[in-house]
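S.K.: Residues per chain are reported as follows:
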Amino acid sequence: MRPKGVGASVPRREDDRLLRGRGRFVGDIRMAGQVEIAFVRSPVAHGRLRGVRAPERFAGRVFTQADMTGVKGILARSGLKGFRVSEQPALATDKVRFAGEPVAMCVAETRAEAEDIAAEVALDIEALPANVDMLRAAAPDAPRVHDDWPDNLFLETFVDGDIERAAADAAIRVTRKLRTSRQCMAPLEGKGCVAVWDRHMEQLLLWTSTQMPHIVRSGLAECLGLEERRIRVAAPDVGGGFGWKGLLQPEEVCAAWLAMKLDRPVKWLEDRREHLVAAANCREHHYEITGYADAEGRLLALDAVAHVDAGAYSVYPFSACLEAAQVGSILPGPYDFPAFRCRTYSVCTNKPPIVPYRGVARTGVCFAMESIIDAIAREARLEPYEVRLRNLVRPEQMPFRNVTGKDFDMGDYPESVRRAVAMIGHDAVRERQKAGEPDGRRVGIGYATYCEQGAHGTSVYHGWGIPMVPGFEQCFARFTPDGGVEIRVGAQSHGQSFETTMAQVAHEILSIDPDRVSVSHGDTALSPYSTGTWGSRSAVMVGGAVATACEKLGARALRIGAHLLQAKPDEVRLEGGAVVGPGGSVSLDEVARTFYRRPQNLPADVDPDGLELTAGYRPVVDTGTFSYATHAAVVAVDGETGGVELLDYVVVEDGGVLLNPMVVDGQIYGGAVQGIGTALYEAMRYDANGQPLASTLADYTLPGAAETPPIRIAHMETPSPNTRFGQKGIGEGGAIAPPAAIVNAINDALAPLGVEIGALPATPHAILSAIAAAEAVR
Amino acid sequence: MKAAAFEIVRPRDLDAARAALGREGAKAAAGWQSLGPMLNLRLARPAVVVSIAHLPELRGVSETPEGVVYGACVTHAEIEDGAAPDPTRGALPAVAAGIAYRAVRNRGTIGGSLAHADPAADWPTALAAMGAHVRVLGADGVRRVAVEDFAHGAFAPALAPDELVVGVEAPRFSASARWGWWKFCRKLGEYAEAMCGVLVDPDRGVARAAFGATDGRPLVIADASEALRDPDALAAPFAAAGLDHDPVARRLHRAAFRRAAARAGLLEDVPT
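Line order of the protein sequences matches chains E and P.
For the first sequence, this note's numbering gives the first residue as 1, with consecutive numbering after it.
For the second sequence, this note's numbering gives the first residue as 1001, with consecutive numbering after it.
Everything labelled a hint here was simulated from the structure, so no lab data went into it.
Any given hint could be a false lead.
Said to hold, decoys possible - Dumping the calculated SDA-like pairs for lysine to any residue here, alpha-carbon to alpha-carbon at most 20 Å:
#, chain 1, residue 1, chain 2, residue 2
1, P, 1002, E, 399
2, P, 1002, E, 135
3, E, 95, E, 69
4, P, 1002, E, 694
5, P, 1002, E, 706
6, P, 1002, E, 766
7, P, 1027, P, 1187
8, P, 1187, E, 710
9, P, 1187, E, 673
10, E, 81, E, 343
11, P, 1187, E, 766
12, P, 1187, E, 34
13, P, 1002, E, 69
14, P, 1187, E, 69
15, P, 1002, E, 698
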């Protein structure tokens, strides 16, 4: 390992510009002649669109789908059998299907003026009853979101395990109804784009705030009917994505079309209200789940029915069914048990489409599974950690194929529990509980353990029916004539620190100082193809691709260096930015200068492809890495206010070899805070008519610095056998376990009152209601 | 959302401010901390915004034997920091320090808060509990109103279109006064879900309590001595004010009272 290479906590080079407010985001792009757009959005959740009327004086400044001749709707077909296709028009045509759906766009020199126009556009909509309750959506009398469907289901899936025998023998049977709330992702930077027709290149240039420029290009080409070579999609700095920037949006299609129509740069910046009400929804699951265990708390079987409220349309490229398909395959979590049955419903409702959010289905799945584990522990009168230790896959079983056929690569899951128990001071917390709090609050402790498949490749995504299946990841690498290195990758860093970590990887392979490595990403004109940054894949896939490209580039440099040193090729190595041989060394600068400027000095058999190349990478086993963690939370619950204070929070995780431990810690902190939001604060509620009940951040409560406890992290670094450096994907993990750990802690605290929370978020109101209800029963 | 077009007027003096406020669709703005977001969300659509925070007549502070008169545009931060004199033995700065975030406190004003009349804001309830008064300038000069009478309801101050809040009179607490203030917010800086101020000042014959975060104006219990002996006595005023509409609300408001009183050293703070 080199000093600034893999495993070093090199400070982030992105921070200098980002922390000084000098980043360049979509909102910072101002082009000469630019106009801005504002959308007229549906005020109702469901209705027939009869007409759109704009005052005469705004002629030419208001556009509807009828103007967008030849522009196709967004189609995201799942390959799963039985999937029903929904087509999302860029602007609503005959029907509106959620409050906030774009119906018309208004253009003006400024956004404020565009909003003035939008305010005067009248929509003639015949309101229809809205379908808002996913549990009732299958009822025969439920309003039909898509008229030509027989019901409101995108997809049903079944995993038909034989649980009957196991169930019959079970000493313990626990059933719970559990719900995760609909959330908004709320990255610091919302969505936005600037579209312009480049006459020189005869190409549409779309600057957009995205995690996946190449995928956006493919989707946009389909909608606009352009060849992909006629579109360039580039992302500038992107201020967080979490999934919300991993899709093609109707607004992007609109802006791109309008730029070509008007032959002027067109800008759209999502504001926070649009973000909250019009799109960035995620997470809404419901589980009815039964766990069967023997008297010692050993799991025998799991039986579940899961509903996912997928909203009105299938989102490109992940489709409306990724969440439910995941539920069916990952609900068993990191546990070893023999029988599993699961039925899932991807329900179509009059709400914004659901978008995969950091952790995707795992946050809900972990909440469901870990709630059942704690319920079994209470029945068996065992410590919750003890039930986990009895059921987790053991290290000697690795590699392990679980009940749904997932191939766990390796690791010591029980050890993560044991370390968390020690770090959180479990016995001391139990003593404290017994003693009681001077202020009367109730203390509780909770755990959650999960494993997270990351960087899963072709075989897995093919199986989930996603229209976008990742294959090999490519990296372009080049020595510049003065010996610096340029790295280009097609994935997009939106907080993952590629510019730092991928330079570390290049340094690890080439020995060149990271400060002499430039990393650019996310521009279809400049980078190799990539499906982008999602699914905790970049450390493994992009890191592997950068390493592969640098190895091939290094081999070429070594060949030239050996010639210059008059040494044999197998006598030289890369060290300290130089080719080092038995009798001396030659710097990589000199090697590069020789290739580009003094080719007369090259060996006769030099590789004519030169000191630049594109190389591809995919792990031989492409079913993904399995990082895992145990989170432990200690809470104090105030029985008079329902307030929950996080007293302590511990994360013991195994991300394999960490490319940059500081960056990994940052990912865990950020994810955990989002998980705290899921657990305690965030809810995008809708009334019975499908009206969103939060349209500003005053109503949609996000956790802040004051609500975030110091999070203590311990790393177990078990290398993955399948990846280039032994690294595993960990980008999403922080957001997976907090709801389960925190609610388990709350339920531990409230157990003496006979109170159990089963719905997220566990707000003060929900806790007080539950306490009041329990008192009423007694 | 971007604000719709409006005209900003920056008057020379109070007379010019009142004249501008007499115009159709005029609205006064001092710290802009509530009005600003409402403009951007187009929830408020004034034709004219009269900016008054710079007027020296609204920035002054005068001290009398009875208390302190704060100009309406004294900021929360100035009260928090002790930049303005405090007749309440620490009560006012403590309330100020708990308002929203420092960035809001730097600009938000005491008079603006009362004129906005948000039931979940701190000043209407805290100042009502203290027995403070508002000074309102109108066509006939300055009138004086008890803070609890200054709101008709939520976001509805008792203020005519051409009237302007010019000052707030805070009473001087005696040495034996006991003050307790408690509020419950889901997160730091958010609007409160329940809040209560309790003031017992025997030398002045005062035993008051005020409840905020209601659906309307603050509930003031002018003689809280019975409730301080037995919090169950709150049941009747709570019912009358609609604070007991569900078991959760009832619990929270009761907790607010018990904890405010406990902070004043008037009740044992033992949560049920």
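S.K.: Decide, hint by hint, whether the structure agrees.
M.R.: Structure-based check of all given hints:
no., hint, in the structure
1, P/1002 x E/399, "violated (56 Å)"
2, P/1002 x E/135, "violated (38 Å)"
3, E/95 x E/69, "holds (18 Å)"
4, P/1002 x E/694, "holds (18 Å)"
5, P/1002 x E/706, "violated (30 Å)"
6, P/1002 x E/766, "violated (35 Å)"
7, P/1027 x P/1187, "violated (31 Å)"
8, P/1187 x E/710, "holds (16 Å)"
9, P/1187 x E/673, "holds (14 Å)"
10, E/81 x E/343, "holds (15 Å)"
11, P/1187 x E/766, "holds (16 Å)"
12, P/1187 x E/34, "violated (40 Å)"
13, P/1002 x E/69, "violated (30 Å)"
14, P/1187 x E/69, "violated (49 Å)"
15, P/1002 x E/698, "holds (17 Å)"
Hint check: violations occur at hints 1, 2, 5, 6, 7, 12, 13, 14; the rest are consistent with the structure.
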